[in-house]
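Residue numbers (the working numbering), protein chains in the order written: chain S, 1 to 318; chain B, 1001 to 1489; chain Y, 2001 to 2219.
Hint data in this document are derived by calculation from the structure and do not stem from the laboratory. Hints should not be assumed to be uniformly reliable.
[Claimed, not checked] Calculated cross-link-like contacts (lysine-lysine; reagent style DSS-like; alpha-carbon spacing at most 30 Å):
hint	chain 1	residue 1	chain 2	residue 2
1	Y	Lys-2213	B	Lys-1364
2	B	Lys-1358	Y	Lys-2081
3	B	Lys-1098	Y	Lys-2213
4	Y	Lys-2024	B	Lys-1358
5	Y	Lys-2213	B	Lys-1360
6	Y	Lys-2024	B	Lys-1477
7	B	Lys-1434	B	Lys-1151
8	Y	Lys-2081	B	Lys-1360
9	Y	Lys-2081	B	Lys-1364
10	Y	Lys-2081	B	Lys-1151
11	Y	Lys-2024	B	Lys-1300
12	Y	Lys-2024	B	Lys-1360
13	B	Lys-1151	Y	Lys-2218
14	B	Lys-1434	Y	Lys-2081
15	Y	Lys-2205	B	Lys-1434
16	B	Lys-1409	B	Lys-1300
17	B	Lys-1300	Y	Lys-2081
18	B	Lys-1370	Y	Lys-2081
19	Y	Lys-2081	B	Lys-1366
[Stated by the list, open to error] Derived list of chain S stretches under chain Y, where covered just means 3 residues or more per stretch with a C-beta under 8 Å from a C-beta of chain Y:
hint	stretch
20	7 to 21
21	101 to 112
22	198 to 209
None of these values were measured; they are calculated from a predicted model. We put the CB at the ideal spot given by N, CA and C, even for glycine.
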Amino acid sequence: MNNLIYIFLQALTILMLAPLVNGLIRKMKAFIQKRQGASIFQMYYDLYKLVRKGSVVSEVSSWIFKATPYIFFASALVAAMLVPVSTIILPKHIPGDFIVLVSVLGLGRFFMMLAALDTASTFGGMGSSREAMVSTLIEPTILVSLFTIGLISQSTSLSQIMLTVQGAGFPLAHPVYIMVFLALLIVIIAESARIPIDDPSTHLELTMIHEAMILEYSGRHLALMEYGAAIKQLVFMTLLVNVLVPHDQIIAFTGFLALFLSLLIYFFKILILTGIIALIEINTVKFRLFSIPNMAAFAFILSFLGILQYFILGGSNV
Amino acid sequence: MGLLLQIIPVITVALLFVIKKNRIMHIISLSTSSLLLIIAAYLTGQVILYGTVEYSSLGRFFYIDALSIIILDIVLLIAFMVSIYSVGYMEEEIRLGKLAKRRLRIYYILMHSFLFTMILALTVRNMGLMWIAIEATTLASAFLVGFYSDKNALEAAWKYVIICSVGIAIALLGITLLNFSSLNILEGRLLLDWTALYEHAEFLQNSSLRLAFIFILVGFGTKAGLAPMHTWLPDAHSQAPSPISALLSGVLLNSAMYGIIRTVAIVNRNEGSSVYTGRLLIALGILSIATAAIFILTQKDYKRLLAYSSIEHMGIIAVAIGIFSPLSVFGALLHMINHSLTKSMLFLSTGNILQKYKTKEIAKIKGVLKSLPVSGTVFLLGLFAIAGTPPFSIFASELSIMISIFQEKFFGLGVIFILLIAIVFAGIALNLFKMFYGEAQDKNLQPGDGNMPGTVCLVVLLLVIAITGIFIPEGVKELIIRAQNIIIG
Amino acid sequence: MFDFLLETLSVLILLSAFALMANKRISSYIRTFRIQSISIALAAGIMGIQSSQAEGRFDFLIVCLLIVALKVVYIPHLLHKTYANVKYKVEKDFILNIPIMIIICCGLVLFSYFALASIEGLGQGLLNLQFVNSVSVIWIGLFFMISRKKAIGQIIGFLVIENGLYIAAMLSTNGMPLVVDLGIFLDMLTAVMIMGLMVFRINDKFDSIDIDKLNHLKG
C-alpha cells in the first residue's frame, strides 16, 4: 500500500512539473532572444483550453487514431512512475527498470507512428518515417549509456542505480560519467524533438517530425498528445540529472523537510538543465535530415566510449 | 675519430650550400666519401682490435660494434662508388637536358644528408635515436626519389614518404613498448639504450616486448621492403636517379634490417628461444620472396625488376635471421654484404643503359652488349650473380642459408625456398636476357660506355663479388663471426 | 585531481579522433587537429607540473611549449596556407559514408583493447586506460589516411598518428628521454614540410590533390 502512495506521489510530481518545464524552456529562449515571450504557465492554459474542446476525427480513420492519445499518454505516465524524482520519495524496490522504461516509451511511440499513418495524410506518413529513423538511430545510445551505468551499479533498476551513484560522491569527475552525460544530453534533444534534430515551434513541412505526426489531432486528443510529450521530456531530463548529478546524499536528515528539500534541489537541477537546453536550441541551427545520422553516430560514440572506458578501467575504481 | 664520421657529412652539406661551381661540388663530394671510407677502414681496424668503439666523454651516445661496422662499411663503400659514378652520370644528365644545371647542388646536398642520416642510424646506441635517424633517412631521400619532378617521380615520392613515414611511426609504437618493458629495470640515461637492454634482456617484461617486436618488425620491415609493406619500393627504386636507386637498394634497406636485427637479438635473449621471432620473420620473408618471384616473372621495366629482386633478397635475409642458427646468421650477414654490392652494381649499370636507350622498358631494348660493351657485360654477369649462380658471392651466402635451413630441419621451408629462388632465376633469365642480343632498333646509337670513372667502379664491384664468391678475406670473416656472436649471444 | 584530468584528456583526445573521422571539409580537419593538439599540450603541461613538483624534472614543460608552438600554432598554420594555395573543388572526399566509418573506428578501439589486454602490468588502472586510448588514436589515424582521398587529408592522418604515438609514449612510459622527444619533433616537422611541398608539386602536375589520380605506377 505504501508503495502505491509513493509511486502516486512520484508520478504526480512529474505530471505537475512537465508543462511548467516546457514553458520554462520557451521563456528562457525568449529571454535570450530578448523577447517578452509567453508566460511560463502558458502550457497549462493551452491544455485547459484544449481539454474543454471537442475533437475532430477523420471519417476514414480507424480505432487506432482514437485510442492512440490514451495509449501514448498512459505510456508517458508509466514512464513517469519509473524514474525517481528523489530517492527519498521512492521505496527501495520499485517494479520495473530502465529496460521497461525504454520499451514502454517505445510502445507509445509505435502507436503514435501508426496513428499518423492511419489518417493517410501525407504529412503523417512523412512524420512517422522520420520519427522511425530518428528513434532507431537514437535508441542504441539510450540503452548503451544506461547499461554503462547499470554495469557500474550492478543493477538495472533505476532506484538502485541512483543509490549506487550517490555513494560515488561526485560522479561527473570521471570520464565514464562524462561520456554518458553528454550522450544522454543528445538523447534528450532528440527525444523531445528539439533543435537541431527537430523544431518544435514550426509547422514547416520540410522540417517537421513530431509536429507532423500530431497534425491531425485536435481538442482533447491533442491535449493528451502534447501533455504526454511534455511528460516524456521531463522523464528523460529527470533521468539525466538524478542519475548523473545525484543530490540526495547531501541531505543528512529524514522526514518531510528532507523530502521538501530534495524536491527543491531536484527542481533547481531541472532549471539548470532547462537553461542548457535553451542555450543549445538558441545556438544551433536545425540539421538537414541527412545529417541526423551523423549526430546520432556521435551520440553513440559517446556512449560507446563510456562503456569501453568502464571496461578498460576494470570497473573497480569508478 | 668516429665522431668525424658524423661531422664530415654535415660540414659537406654546409659547404655545398655556399659553393657555386659544379666542378668544385663534384670534388667535395668525392673527397668526403673517400675520407669517410678511410675513417671507416680505421674504425674497422679498431673494432677488430677492441671489439667495440665508444667514447666515454660523449656519454652513451656513440657506439659501434662488429654488427654496425659491417653495415657501416657497406654503406660507405657503396656511397664512395656512387659518388664516383654520380660525377659522370649527373654531367651526362645535364648535357642531355634532363636536369637543369643548378639542380646538381640540391642533388649533392640531399645525397650527403641522406648519407649522414644512415651513418647516424648505425652509430648511435640509443634505440630511440636510431628510430629518429631511420625516419630521417626517409625524409632526406624523399626528394631524391622525386628528383625528376615528372608525374611518375612525384607519385613514387609521395607513396614513398607516406608509406614509409607511417610504417616508421608504427615502429615508434614498438619502441615505446620496448621502453615500457624495461621501465622496472632501467632508468634515466639507460632508457632505450641498446647495450643496457641487451644486458638486461632476461628481465624485460615479456608480453610487452613481444608486442614491441611485432610493431618494430612491421615498422622497420616497411622500410626494409618486406612484403606486404613493400609497395613503395618498386616505385621509388624505379623512379629515382640510378645512383640513388643504388643507394636505396644497397644501403637503406640494410639500415632498416639492422634495426630489426638489433631488436631480434633482445627479444630472443629474453624469450630464450627464437621460435616467436623466427615464425614472424620466416613468414614475412617467404611472403616477400614469393611476392617478388611473381612480380619478377611478369615485369616489363628493368629497374622495377631489380627493385623486386631487392625485395626477394631482403626476404632471404629475413628468413635467415628467422632461422637463427649460427650458420644462418652468418649467411644472413654475408648475404647483406653481397646483395648490397651486387645490387648497387646492377643499378649503376642500369644508369648507363637508361642514358643510352632513354627507356626503362625491357621490350624496347636490344643489343646491350654491342652498344655498351663494358657496362653491358657487367650487367649480364651481375644478373647471373643476383640470381645466385656460382662463382659469384651471392651463391655462397644463399647456399649457406639453404644448408642452415636443412640443418635446422625446416624441410618444407627449404623446399619452398629453393623453388621460389628457382622461379626468380627463371624470371630474370626470361625477361632480361632478351635485352642483350640482337641489334638496337635505333640505328643512331653510338657504341661505347661513356662515364669512364663510373664504368671503372662497375668493373671493380664485379671483381669484388667474383672474388669474394670464391674466398672470403679473413678480416671480413672475423667480423661476421663477431657480429653473429653479438646477435646470437 | 591530476589523474582525473589526464584520464579525461586522454578520452578527449580519442573523441577528437572520432570527430576528425566525422569531419567533411579540410578546414575542419585542421581545426580538429588543432583541438587534439591543444589537449595533448594540456596533458603534457599537467604532467610537467606534476613532475617538476615531484622530481624537479622540466622536460615535460619544454615538450609542452614545443607542442603548443609546433602542433597548435605552426603546423595548422602551414596546412592552412597549403590548403589556401591549392585549387580545390568541394568534392566527396571519403570512401564510405560517415556512420559506417565511425562504426569501423569503434571496432578499431575494441581491437586495440583486446590486443593490449594481454600485456601484464598494463592492467593497473590508469596506465591501461590511457594506453588503449592512445593506441586507438593511432589506428583511427591510419584508417583516416586510408579513407580520405585528398593529399592534405593524408597529412592530417599522419599527424594524428604522430599525436597518438606521442600521447602513448607520454602517458604509458612517462615520456621518452628528452633527446628522443626533441628528435621526434624535428622529424615530424620536416616530414610535414616535405609533404606540404609535395602537395604543391602534385597540384602543379596533376591539377588536383586527389591521390586517386596517382595511379601510373603499377605491377
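Verification of the supplied hints:
1. Using a Cα cut-off of 30 Å, the hinted pair Lys-2213 of chain Y and Lys-1364 of chain B holds, with the two alpha carbons roughly 27 Å apart.
2. For the given pair, Lys-1358 of chain B sits about 39 Å from Lys-2081 of chain Y by alpha-carbon distance, which is inconsistent with the 30 Å threshold.
3. Taken as a hint, the Lys-1098 of chain B and Lys-2213 of chain Y pair is honoured in the structure, with Cα atoms around 24 Å apart against an allowance of 30 Å.
4. The straight-line distance between the Cα atoms of Lys-2024 of chain Y and Lys-1358 of chain B is roughly 44 Å, outside the 30 Å bound, and the hint therefore fails.
5. Of the pairs offered as hints, the one joining Lys-2213 of chain Y and Lys-1360 of chain B holds, with about 22 Å between alpha carbons and a cut-off of 30 Å not exceeded.
6. Restraint check for Lys-2024 of chain Y and Lys-1477 of chain B: the C-alpha separation of about 59 Å exceeds 30 Å, so the hint is violated.
7. Of the supplied pair hints, the one linking Lys-1434 of chain B and Lys-1151 of chain B holds, its CA atoms being roughly 29 Å apart against a limit of 30 Å.
8. With a C-alpha separation of about 38 Å, the suggested pairing of Lys-2081 of chain Y with Lys-1360 of chain B is violated against the 30 Å cut-off.
9. For the suggested pair Lys-2081 of chain Y and Lys-1364 of chain B, the alpha carbons sit about 45 Å apart, so the restraint of at most 30 Å is broken.
10. Simply put, Lys-2081 of chain Y and Lys-1151 of chain B have alpha-carbon atoms about 23 Å apart, close enough for the 30 Å limit, and the pair holds.
11. At roughly 40 Å between alpha-carbon atoms, Lys-2024 of chain Y and Lys-1300 of chain B are farther apart than 30 Å, so this suggested pair is violated.
12. Distance check on the hinted pair: Lys-2024 of chain Y and Lys-1360 of chain B sit about 41 Å apart at the alpha-carbon level, beyond 30 Å; violated.
13. About 14 Å separates the Cα atoms of Lys-1151 of chain B and Lys-2218 of chain Y, which keeps this hinted pair within 30 Å; it holds.
14. The hinted pair formed by Lys-1434 of chain B and Lys-2081 of chain Y fails the criterion: a straight-line CA distance of about 51 Å is larger than 30 Å.
15. Of the supplied pair hints, the one linking Lys-2205 of chain Y and Lys-1434 of chain B is violated, its CA atoms being roughly 35 Å apart against a limit of 30 Å.
16. Among the hinted pairs, Lys-1409 of chain B with Lys-1300 of chain B is inconsistent with the structure: their alpha-carbon atoms are about 38 Å apart, more than 30 Å.
17. Proximity of Lys-1300 of chain B to Lys-2081 of chain Y is assessed by CA-CA distance (about 41 Å); at most 30 Å being required, the pair is judged violated.
18. Annotation: proposed proximity of Lys-1370 of chain B to Lys-2081 of chain Y is violated, straight-line Cα distance about 54 Å (limit 30 Å).
19. Between Lys-2081 of chain Y and Lys-1366 of chain B, the direct Cα distance comes to roughly 50 Å. Violation of the 30 Å bound is thereby established for this hinted pair.
20. Check result for the stretch 7 to 21 of chain S against chain Y: violated, 0 residues qualifying (beta carbon to beta carbon below 8 Å, three or more required).
21. Residue count for the stretch 101 to 112 of chain S with a Cβ under 8 Å from a Cβ of chain Y: 0. That is fewer than the three needed, and the coverage hint is violated.
22. Beta-carbon proximity to chain Y at under 8 Å applies to 0 residues in the stretch 198 to 209 of chain S; the threshold of 3 is not reached and the given coverage is violated.
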